[in-house]
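Student: Listed below are the residues making up each chain.
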Amino acid sequence: MSKYLVNLKINNMPIAVEEGTTILDAAKKLNFRIPTLCHHPDLTVAGNCRVCVVEVKGAKLLAAACATPVSEGMEVFTNSEKVRIARKHIVELLLSEHNSDCTKCYKNGNCELQELASEYRIGDHVFLDLVRPESKIQDISSPSIVKDDSKCIRCQRCVRTCTELQGVSALAVVHKGDQQKISTFLNKPLNEVVCTNCGQCINRCPTGALTERNYIEEVWNAIYDPSKFVVVQTAPATRIALGEDLGIPVGERVTGKMVAALKKLGFNKVLDTDFTADLTIMEEGTELLTRLKRALVDKDETVVLPMMTSCSPGWIKFQEHIFPELLDNLSTCKSPQQMFGAVAKTYYADKINIKAQDMVVVSIMPCTAKKFECERPEMRDSGYQDVDYVLTTRELSMMIRQAGIDFCKLEEDHYDSILGESSGAAVIFGATGGVMEAALRTAYEIVTGREVPFTNLNIQPVRGMEGIKDASIKIKNVKPEWSFLEGVDLNVAIAHGLANARQLMEKVKSGEANYHFIEIMGCPGGCLGGGGQPIPTSPEIRKKRAEAIYEEDAGMPIRKSHENPEIVEIYKQFLGEPLSHKSHDLLHTHYKPRHRY
Amino acid sequence: MLTTETLVKELVEKNGRTRNSLMPVLQGIVREQNYLSDEAMICVAKELDLSAADVYGTASFYSFLDTIPRGKNIIRICKTITCHMQGKDDIVNALSNALKIKIGETTHDKKFTLLTTNCLGWCHKGPVMLVNDEVYPELTPQKALEIIEEYAKKTVI
Ligand code: SF4
Ligand code: SF4
Ligand code: SF4
Ligand code: FES
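Quick mapping for you: the protein sequence lines, in order, are chains A and B. Number 416 in my numbering belongs to position 416 of the first sequence; there are no gaps in the numbering. Number 117 in my numbering belongs to position 117 of the second sequence; there are no gaps in the numbering.
Hints may be right or wrong, so weigh each one.
For each label pair, taking beta carbons as the anchor points, the in silico distance ranges come out as [stated by the list, open to error]:
{"id": "1", "chain 1": "A", "residue 1": "Pro539", "chain 2": "B", "residue 2": "Thr18", "range": "29 to 37 Å"}
{"id": "2", "chain 1": "B", "residue 1": "Thr3", "chain 2": "A", "residue 2": "Arg401", "range": "53 to 61 Å"}
{"id": "3", "chain 1": "B", "residue 1": "Asn93", "chain 2": "A", "residue 2": "Val126", "range": "20 to 28 Å"}
Beyond 10 Å from chain A on every Cβ pair, some chain B residues (computed) [what the hints assert, rightly or not]:
{"id": "4", "residue": "Lys9"}
{"id": "5", "residue": "Gly87"}
{"id": "6", "residue": "Thr116"}
The hints are simulated quantities; they were obtained by calculation from the structure and are not laboratory data. The C-beta atom is built at its ideal place from N, Cα and C for all residues, glycine as well.
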């Protein structure tokens, strides 16, 4: 059904928009920008900050443009005298309760509130400074997230993110009036509550109230320490987003430039998490086939299906808190980041003749939960902490700027070898559906000896930004040793964003869903929309990043994990075969139930 | 006495297992236990499938939903300007001296908690206080003490 068109005028310019459009969106169509703070394209309308107020002819009060739908004959003014005065006062009032210490603030230079204050040339204090001293005590309990209430403007984007997108609700608005703040159950520190460390709230906080715990200084120190051999690994989704923070348009791939920049920063070796993404596929694909065999042939009742992916540490912690009864469904594979750390400090250290204790492994990740993951006590199978420091894509961009590198002008460079070679299947780990597609490309071929029956290996049904996707793939003409899979419909499902994961888990729990394999990524869009990626984020931005990922895949000479020559080599020389004893020791892990409340 | 868990279950049974029941359930707990313990809030979160932070957020918004232990009887004296001008401080002092507690505190025998509150809508008959659900207008220090005396007598701990 087509919607009615509504005619209105904005700043005397006529426009017709669909009924239900907000004044904010109608104005955007005419290229009038109205400032916003509590509004976010990923979230429901809150209408609480009021910086978007506009004048509507005939109305007594100013209207919040983000929360007011257009109506027939409406005449809107976005920059009248009344609007300007009100807006300026609103910003001044926000600042009166804000610890405006911009020069020492982590968000300095990338802060929506600061931009607005600067746009309106907010000068001296007009209103009394009402920042409560106790609000300046930061919560640094989490290895991933820093929460500073003195920077919070109570726009509640974080609360809506944690509830609407992530289905966690670790954060809530507590108390009221001048005591109101964003907090947790009983105001507990973040590391004691159900927070998954996903960082999605950071990506949507317009101020410095929620930021990543940064390890930039630690990494510089390691680089400058001559006794340390510092290797860096880069996650799939970093190469399609880093440019955004360094003056390159959204959706442009910067793989070669990123490698060049990392070499200039002084890392001893620049290696690729994509290599261990391929390794993950070998292990996880085999694990899936083994589980299927045990279930279908051996009729082993202890086998747990559907098997679920385990490369997203935000998702893992979510599952440990919210669905501890489904922990056995998780693949035992470590995430690619942790596989990398474990292999780097054993196999690789031996190869290049460096002692593991002298090696520092740094990860560049699109993710804040990976900071938590690397500190998990299970992640020390090399005998040392396998991954020492995790930097987000954003932190890397800061280091590049600190080093005075002109990123746009860098010549493209190549990853070092070994642990630098990867396939297209690995790079799509960065997008929702990617791990599934990569696993299918390999598993299908193991079982049938043929490539997956999709044009150019692109398994379209598992791609795209739908919250929950499912697909069914018929397995035909299998090799003799896989005869039990002949004619089987392999049912798979994919969810991204933890609210969607939650829905899917409820279905698994109730027995309503009948899947063999489920891929979950904790963040909307997958890692490309991760909590450590450049800010801002929006559905359009994530769509462009996804396109970039699939372009990168399409351009790779090797598209399937099992064809990566370095993968073939590591099994030959070191691991033996997937799920070998050595693999189990280094590449697999276990999970622990955590409290839900 | 009911355990917290049974109490919450009963209240949820009665009010329904939806988010809309959050307020009546919380009120029901306060009616029985005088405040919302951590355990009670967790039980509610479980039963209504909400996060604990959500329950705490709602509880901490309302002055009449306490999240710290309170006495059997809660005295709330109106602190708004009209009652203030009609001698609210004398009432506070009289009760404070008699009960040996300050605003916000609870007596040792757990019989009384002394609080102030925003306007109760009785400005024409101030100063006014609320004891549990009962309003007492046109107070004098003497009158306030007599009222409290009555409560003390009939309260068994
Ligand atoms: S949050 Fe923004 S406005 Fe506030 S101190 Fe930090 S940079 Fe400045
Ligand atoms: S923490 Fe950030 S997102 Fe959350 S309410 Fe405060 S300013 Fe808004
Ligand atoms: S990191 Fe994720 S789970 Fe934790 S508070 Fe933020 S949005 Fe919620
Ligand atoms: S952006 Fe419209 S009220 Fe906040």
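Student: Which of the numbered hints above does this structure break?
Tutor: Failing hint: just 3.
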